[in-house]
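Asker: Listed here are the chains, written in short residue letters.
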Amino acid sequence: MAVTDEPLALTTGEDLVVDRPLGVFTRPQGGKGWRDWLSTVDHKKIGIMYGVAAMFFFVVGGIEALLIRLQLAAPDGQILSADVYNQVFTMHGVTMVFLFIMPLAAAFANYLIPLQIGARDVAFPRLNALSFWVWLSGAIFLNTSWIVGGGGADCGWFCYSPNSGLAFSPSHGVDFYALGLQIAGIASLVSAINLIVTCLNMRAPGMSLFRMPVLTWMLLVTQFLLLFAIPVITVALFLLMFDRLFDAQFFNPEAGADPLLWQHLFWIFGHPEVYIIILPAFGVVSEIIPTFSRKPIFGYSFMVFSGIAIGFMGWGVWAHHMFVSGIGPLSVWAFSMSTMFIAVPTGVKILNWLATMWGGKLRFTTAMLFAVGTVAMFTIGGLSGVTHALAPADTQQTDTYYIVAHFHYVIFGGGVLGLMGGLYFWWPKVFGFMLNETWGKVHFWTMLIGFNLTFGPMHVLGLQGMSRRIDTYSPGFGFAFWNLIATIGAFIIALSVVVFFLNVWKSRRDAPHLPAPGPDPWDARSLEWMIQSPAPEHNFDEVPIVESDDEWWHRKYGYDENKNVVRIATIEEATQKGDAVGVHLPAPSFWPLVVALGLPIIGYGLIFNLWLCVLGGALVGLGIYSWALEPVDDPDADHDHGHDDHDDDDDDDDGEGAEAEMADATAGAEEGAD
Amino acid sequence: MATATVDAAVDSHDEGGHDDHGTTTGISNTKLAMWVFLGSECLLFGGLISTYLLYKTNRGPGPENTVIPTDVFDIPFTSVSSFVLLMSSLTMVLALSALTRGDNPATRAWLLTTAMLGGVFIGGQVYEFTSFIREGVGFTHNPASSAFYTLTGFHGVHVSLGIVMLMSLYVASKQGKLQPKHTETVEIVGLYWHFVDVVWIFIFTVIYLIPVD
Amino acid sequence: MSDLFNVRRRGTGTGLLLALLLAGCASDAELDTLEPQSPVADEIWGLALPVFIIAGVVLVLVCGAVLWLSLKNRVATYEGDDEFPAQTAHNNPLELGWTIGPAILMAIIAVATSVVHFSINSVDEENAMPLTVHGETVDWEPTVVVVGQQWWWEYRYYLDGQQITTEQLADQRNLPPADIVTSGQFAIPTGQEVELIITSRDVIHSHWIPALNGKRDAVPGRFAPWKIEAYDPGVYFGQCTEFCGLSHSRMRMQTIALDPPDFQAWIDEQMAPATFDAELQAYVDAYRAGEPAAVDDEASAELRGLDVFAAQCASCHLVNGFNDMVNGEPYDGADVVSGSAPDLTHLMGRTTFAGGILNLYNEDGTVNVDDLARWIRDPNGIKENFADGLADGELPRGMPDRNLTERQIDDVIAFLITLGPDADGWMIDATEVE
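Protein chains in written order, with numbering that gives the first Met the number 0: chain W, 0 to 673; chain C, 0 to 212; chain V, 0 to 433.
Among the hints, a few may not be true.
[To be verified] List time: in silico DMTMM-like cross-link candidates among lysine to aspartate or glutamate, alpha-carbon distance up to 20 Å:
| hint | chain 1 | residue 1 | chain 2 | residue 2 |
| --- | --- | --- | --- | --- |
| 1 | W | 360 | V | 80 |
| 2 | C | 55 | W | 257 |
| 3 | W | 576 | W | 541 |
| 4 | W | 562 | V | 82 |
| 5 | C | 55 | C | 127 |
| 6 | W | 360 | V | 81 |
| 7 | C | 55 | W | 253 |
| 8 | W | 360 | V | 78 |
| 9 | W | 360 | V | 82 |
| 10 | W | 562 | V | 80 |
| 11 | W | 562 | V | 81 |
| 12 | W | 505 | W | 436 |
| 13 | C | 55 | W | 246 |
| 14 | C | 180 | C | 102 |
Worth flagging that the hints you see were computed from the coordinates, not collected in a lab.
Using the sequences and the accompanying hints, generate a full structural model.
Answerer: Written out as structure tokens, the structure reads:
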């Protein structure tokens, strides 16, 4: 593009006034305080908001978990009624999956993908803001069912029909589930499109696909899984919603419908969802272990291709959730076989991490502890997974606590521990101060011990025959001892989370008295460590030219004639100073927030009064059109378009043009049929 | 749509229109995003079509409300409206080519024609729905009817959104803001439009033409 | 099934060891999956055990490697350390090795799995047993139709010597009349493969007797084939394992395995209609003729109880010989969502009630009148349900509170106790739920 100093002269000769035909506001300027956060389109701020909100819902879901454990601590528990218990375990699952771990992974994806590929921002900054606000409004909407919906959903996170039908779940809980997850789904879908385009299109010169860090790769695979999984759950949720709100006959066996339809649709989404949860953590671990082994990741291409293989194979195993549903012995057999072989690429990853540690110099920072803990804990989850890939064995194990143990070892032991390690690793990059290592280690060990005490005994309980989703058990079943241990473990996990928050508080308080961490406190390997901490708003002063994988490491180190590693530049010399001026950044916008506010209003409207839908729809429509009609830049803002960022500039502007179109098409497709 | 074009017009320093030298793949972000989005849409319609195929002969336990859509299909009528929709893809191409030539009146004419053909299709669908309901196929009657209305309804909503986009482009062109440099915007709307058409060909074949035995 | 994977009954050697290890301090758990008591359960455990062992070995190797590498290679800091370890980043033979190696291991496991899978899903076509029904000997293919509903299990026996098929069952809400209908507990002959046909009248449930076989979902509109068998006479506990709504955790059941002669005796008992003494019989006859007699306060508790039962319970609960045919109209199901309530014809022949959660007998063999009274007084308090305070036209799910007086409750219990014959003492001992 050509850079103009004139105030945006139009080729058509029209006056600037037409740029705001609806009297639209000028684009807000990057100010201070809450307005800045509400209108930001900066991928880093959006990432931080994802993270903060995810941690909030971690606490919510954690409180629900503690209630479950209190109820089950002893036989014939009386803490919760059966009704409340069913709501609590449903919302625990929904919260932890959709409102904690997915957005926490989204926080990493948003913050780190552009930095790791050397980009100024994501491809569509405003769509990025839209994703966050839509997700948040969906999350809040979902939880308001406690207050206005007559309780939370009580159908389990898997919400099998016909138990989820109006006849068997008459409160509004399931309606909130169906609509809330649809809203959150829009967010995931928009975000997936955005990040895929970012990964494919916004890479710095020289950043070929196979130079991308493993984390970015795993996040990219995750986005593809989301891209294809979200529409399937959207279909399922639409059908459920039509059944409940408009008397359709998709899942009502009385009308001849087949309840297994829901199970297929749900698990076609639900199994890739497992990899959506776990792959980002795999990526995080693949960044941390090499850094603290002082070695490159072992078998980069195998790491990447095993991730892709998991992504593909993840689509062919969904019915292993349905081995006892009565889908027929041949189907069960086929899915049993495919499930066993998905263990292979997963094993490749584990062995490559071990090979990375092999011969390395392991420095056990908190991040490294979490990463190594993830490898060990995920291995347990993976191996128990193999035991129920055997369809015959699964007939004994499914829907027992053995499965609860298994997927917590995968999701908590793999996903949560991994992402926790990521928090410690990237914290200085994001906030400009380090988390206290001593407290961090206390956090790690309490969490690891609490985790194993909670979920380890569940293997035993499951094999002893304790069913899932029961709110009570008899003393004669012999479940009391291990349940008590699990409950104690759960409170130790809670303690570890408290330690984490205290650590954040303390580290922040102490930060001014400690030396700043600098751009690269860990002697790390990828591009995000090349810029100052916290990352400057414009990311890179100038877009780096990438010449190898682990680009940043290779800017610091080279090899002498004996193939020994020698330092060729200090961090100080190699970093960008973050002092570039006049870098043209996408202007903030309030419209994503407005669109996001409209969606839950449509949701309430569908449940309580259809007129509200008109209001919500109007808000969404207004938001989308105003969004598209608002100028790309604030014309009043002082622009000094540096020639050097010519390319990025063009992307942003160009991108935002049809961004609205995308929003229109996406949001429209999702909610249009209401 | 209008939004996009106004945007682009405003963005006057974007002289090259949609030059793509800025992206790694050489495809512009917006176009790539539309392709990716359409990939996702395939699964959406895949799920809905599968649901319909599962239920297409499911009359429920009866004896009430057992008329299913296949009983009342009017194939000649739907063939005509399908043909209309197909033709709209042609006019969409003509609109794009007119814009590339810089022929704004022709662009507008073809855009309007495309939108109107889409409108005729939607009108046909509304007529079809009402006549089916008159013949006793209610949305709530049995799994087959619920699946039929949901699938075709979803498609109808997609076509309607396409019409909104086309009309927005038309208005933008009317205001002189749709210039040859904006061909990619039209192209992207066209991608969406062609996709919706292709999906209909699939739906028409699978639902209407393959006989129920 | 090859002997390789077939751990002998009750598990021997490593099996027992591992079972004890895993079962920890509660090896007497009633629902334990590690103490198989049937050929199918043995086959499953015989497959699972070697895989558990393999998984255990892999676990020890991986976690051991993690631990060993962590201890061996750890350094305190990189501060002042300019020496880097060898920057080995790939080794393709190694990579291929640990791709192909696990794949081969999985392939071996896959073969074993396939063998067991098709074995446990096969049906023994040649297992008819002779049974005397109405004085005639029939060849019975042991089959039990299992029907789940919120929140109890119904078991239906078709004994006419014809194999009942899913085509005949067709509609789970209108199953063909069965020779025996019982709930919460069902009997099977030992040493016989018994086919189960599992369905549901409302939501999805899952039928699971861990000692005898894995589970199989009860899906409304579907009839899932499954099978169980028990080596020895005894009581085998089960629990609904698919989340089925409010009182999912209070939906339990037991399998009573009986020697073939005992099984024949059980069949005979269950086939008979309820019997009444002369006083009750007169009331019953009048009731069946559509002219219920008035019962005054001076009547026996049993008769007063029968009168309460007729007024308050008989619209849902069936007692064969009483309300199965009234005024020429057959019993047409219960006015609840599932359309079914437990058949009480031989209530006292069972040892549990209320969906398998309460004991019908005390340890000393007397009837557990206290729990029966508690249950009738406040069903929702014992097992949460949706049966009270309903809107107009809404059907209950679960047993409603009929607001009986204490005296009515005592009377109705007195009547229920007549619905014998009583369960055997060994069953009472064996089924005691705590």
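Asker: Next, verify each hint and record whether it holds.
Answerer: Hint check:
Proposed proximity of residue 360 of chain W and residue 80 of chain V is supported: the alpha carbons are some 10 Å apart, at most 20 Å. Restraint check for residue 55 of chain C and residue 257 of chain W: the C-alpha separation of about 12 Å stays at or below 20 Å, so the hint holds. The suggested pairing of residue 576 of chain W with residue 541 of chain W holds, with an alpha-carbon distance near 10 Å, which does not exceed 20 Å. As the CA atoms of residue 562 of chain W and residue 82 of chain V are separated by approximately 12 Å, the hinted pair is consistent with the 20 Å bound.
A distance of roughly 17 Å separates the Cα atoms of residue 55 of chain C and residue 127 of chain C; the hinted pair therefore holds under the 20 Å criterion. Taking the CA atoms of residue 360 of chain W and residue 81 of chain V, the gap is about 12 Å. The hint holds against a cut of 20 Å. Proximity of residue 55 of chain C to residue 253 of chain W is assessed by CA-CA distance (about 17 Å); at most 20 Å being required, the pair is judged to hold. Of the pairs offered as hints, the one joining residue 360 of chain W and residue 78 of chain V holds, with about 12 Å between alpha carbons and a cut-off of 20 Å not exceeded.
For a cut-off of 20 Å, the pair hint linking residue 360 of chain W to residue 82 of chain V stands: about 10 Å separates their Cα positions. A hinted pair counts as satisfied when its Cα atoms are at most 20 Å apart, and residue 562 of chain W with residue 80 of chain V qualifies at roughly 17 Å. For the suggested pair residue 562 of chain W and residue 81 of chain V, the alpha carbons sit about 14 Å apart, so the restraint of at most 20 Å is met. At most 20 Å may separate the alpha-carbon atoms for a hinted pair to count; residue 505 of chain W and residue 436 of chain W meet this at roughly 11 Å.
For the proposed pair residue 55 of chain C and residue 246 of chain W, the alpha carbon gap of about 18 Å is at most 20 Å, so the pair holds. About 12 Å separates the Cα atoms of residue 180 of chain C and residue 102 of chain C, which keeps this hinted pair within 20 Å; it holds.
Against the hints set out earlier in the document, no violation occurs for any number.
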